[in-house]
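Note that the protein sequences, when read in sequence, are chains A and B.
The first sequence runs 1 to 247 under this note's numbering.
The second sequence runs 1001 to 1368 under this note's numbering.
Misleading hints may appear alongside valid ones.
[What the hints assert, rightly or not] Below 27 Å or equal to it, Euclidean Cα-Cα: the simulated DSSO-like pairs (lysine-lysine) are:
1. A/K55 with B/K1107
2. B/K1107 with A/K221
3. B/K1307 with B/K1274
4. B/K1107 with A/K118
5. B/K1249 with B/K1354
6. A/K55 with A/K118
7. B/K1255 with B/K1361
8. A/K221 with A/K55
9. B/K1240 with B/K1255
Derived from the structure by calculation, the hints contain no laboratory data.
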Amino acid sequence: MDLFGAVWTWLTAAENWSGSAGIPVRLWEHIQMSAQATILGALIAFPAGVYIGHKRRFEFVAVTVGNFGRALPSFGILGLTYTFTLNWPGNIGFWPTFIALFLLAIPPILANTYVGVKGVDADTVEAARGMGMREGEVLTRLELPLATPLIVSGLRLAAVQVVATATLGAVAGWGGLGRFIVDGFSVGDDPQIVGGALLVALLAVATEVGFGLLERVVTPKTRSQRSAGGRRVLPGPAIGSEAGSAS
Amino acid sequence: MPEAMIRLEDVTKRFDSTDQSAVEGLSMEVADGETVVLVGPSGCGKTTTMKMINRLVEPTSGHIFVDGTDVLEQDAVRLRRGIGYVIQSIGLLPHRTVAQNMATVPKLEGWEGGRIEERISELVSIFDLDERMLERYPSELSGGQRQRVGVARALAADPPVMLMDEPFGAVDPIVRERLQDQFLDIQRRLQKTIVFVTHDIDEAIKIADRIAILNVGGKIEQFATPEEILRQPANDFVRKFVGVERGLKRLALMKVEEIRVEDGPVTAPGSSSKDALEELARFDFDWISVVEDGELLGWVDRSGLEKAERVSDVDPRPFSAYVTGESTLREALDSIVTSRTQVAVVATEGQRYKGILTLEKISKEIVT
Chain A
1 MDLFGAVWTW LTAAENWSGS AGIPVRLWEH IQMSAQATIL GALIAFPAGV
51 YIGHKRRFEF VAVTVGNFGR ALPSFGILGL TYTFTLNWPG NIGFWPTFIA
101 LFLLAIPPIL ANTYVGVKGV DADTVEAARG MGMREGEVLT RLELPLATPL
151 IVSGLRLAAV QVVATATLGA VAGWGGLGRF IVDGFSVGDD PQIVGGALLV
201 ALLAVATEVG FGLLERVVTP KTRSQRSAGG RRVLPGPAIG SEAGSAS
Chain B
1001 MPEAMIRLED VTKRFDSTDQ SAVEGLSMEV ADGETVVLVG PSGCGKTTTM
1051 KMINRLVEPT SGHIFVDGTD VLEQDAVRLR RGIGYVIQSI GLLPHRTVAQ
1101 NMATVPKLEG WEGGRIEERI SELVSIFDLD ERMLERYPSE LSGGQRQRVG
1151 VARALAADPP VMLMDEPFGA VDPIVRERLQ DQFLDIQRRL QKTIVFVTHD
1201 IDEAIKIADR IAILNVGGKI EQFATPEEIL RQPANDFVRK FVGVERGLKR
1251 LALMKVEEIR VEDGPVTAPG SSSKDALEEL ARFDFDWISV VEDGELLGWV
1301 DRSGLEKAER VSDVDPRPFS AYVTGESTLR EALDSIVTSR TQVAVVATEG
1351 QRYKGILTLE KISKEIVT
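Next up, chain A with everything else stripped away, as it sits in the complex (with noise of 0.2 Å):
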């Protein structure tokens, strides 16, 4: 049998659909793990960048804490976690997964919601203020709203991260859909390992899809209906004609 056909019968095994060490439970580890991650980094990561676009203050932090997040091996602070968190409560190895992903999720979110805030037109923000808006007014009315889909596209690359990275949590021994591909590794279990990695791959890209589509929707409008509707209508006649030349 070949291996794709190894990999089906792997995937749609029952048995392997069921139990503690099943994938619906192994999936919904890698989901807990990533949003636990993903949501403290940004609660660490948003209010920081807010402050530094709107403020303008400790720009260098952002700008560090981006360029050092690019060059930050998560495997490697795995390692350097796992000997010190050993003592600490909970299950073997979430520690070490948590405090990697943790520290992946924020450069992101701060690199973008710091760039955001900052990018609203100057002139904008001197004309609110100037017309007598409080600085959280600023804040709420003017920045946060033109910054929402680059904020958002910040959670999204960090989501999406973080949930290709927590695969290295089985390493140091703990859950998540990385078990399959560790465990196959140390069996041998060809189809094991390219079914997990299938696994990892459609969670990613579905993390990428859902946010994607949570950033459009959260996009301000600054086109009135009539002429947005009047863009839209305007490729049609291009795909008809594409349509038209293939038959």
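Use these hints to put chain B onto chain A, whose structure you have.
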């Protein structure tokens, strides 16, 4: 002197980054309902001076009073809500419709919906805006429309004071001229106290009650009416800044109705040619205006009259151009130099004859 609406007392602003003061010891007063234009080269501190009035820039020393209260002793936000503010780039909220933009300050002030709506429709009629524009977003407006919405927004809560920083600087000359005319028209009705910043001396001359010409460091070189600045520049700096054509610019400020027009040769259709020719000779003209019961019918020339018995025998030719009391002296001058006869005929809109203007008369007006 009426009570000053805005008073600056020995105001100095020094920015941390430089040793030199942006504004040094500036004092000036703006009367209630007056339009004062701050004009000067870049770096003269005109914008800094303006921004100190609503505390977007905090003065290093000195006092600024708006309506009798020291602005530094007021909550900056409360102060700003009572002062309309317009900047060159306007800064409309891009994610809010025109109506929502205009409602910004009333909303911040907690007006109820009905009152806001009422005010917006008032603004629409004051600014002659298109109702359909209200639901559009700023990116869908033309430059001129944005500018008008920006000024309307600043006036939404009916503040007694307006600060305007080159509000018409970003539009093309034709639109700018229209916006200036509309601004003047609205200001005539609303009588706001306005501090207006520009680097365009012609704009200043056109819209100001008084102009403050600033030099580097916020030094006032001259603070006077446009007419006075053109007639009597205080020094070389002002003379240079005002530029060439000072005389022509002054003529543009003066209306024909402000000066006494001259008598010209006039006859009626019922008069005899002989009388008409005598009248014509008295002025040393070779043509004469034909007026019936005050109404200007046109003109006839000497050769026509010489062949006729009565004035009515000759068909009067219409004037190709005449000026009215509302015309500026500059327009009258244009009419003089482009007419074959070197004379501008003055009449009302309804063709009622008033008299004539000559080059000599106009140049006398500039000299005195």
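Checking each numbered hint in turn, tell me which of them this model violates, lowest number first. As far as the earlier hints go, not one is violated by this structure.
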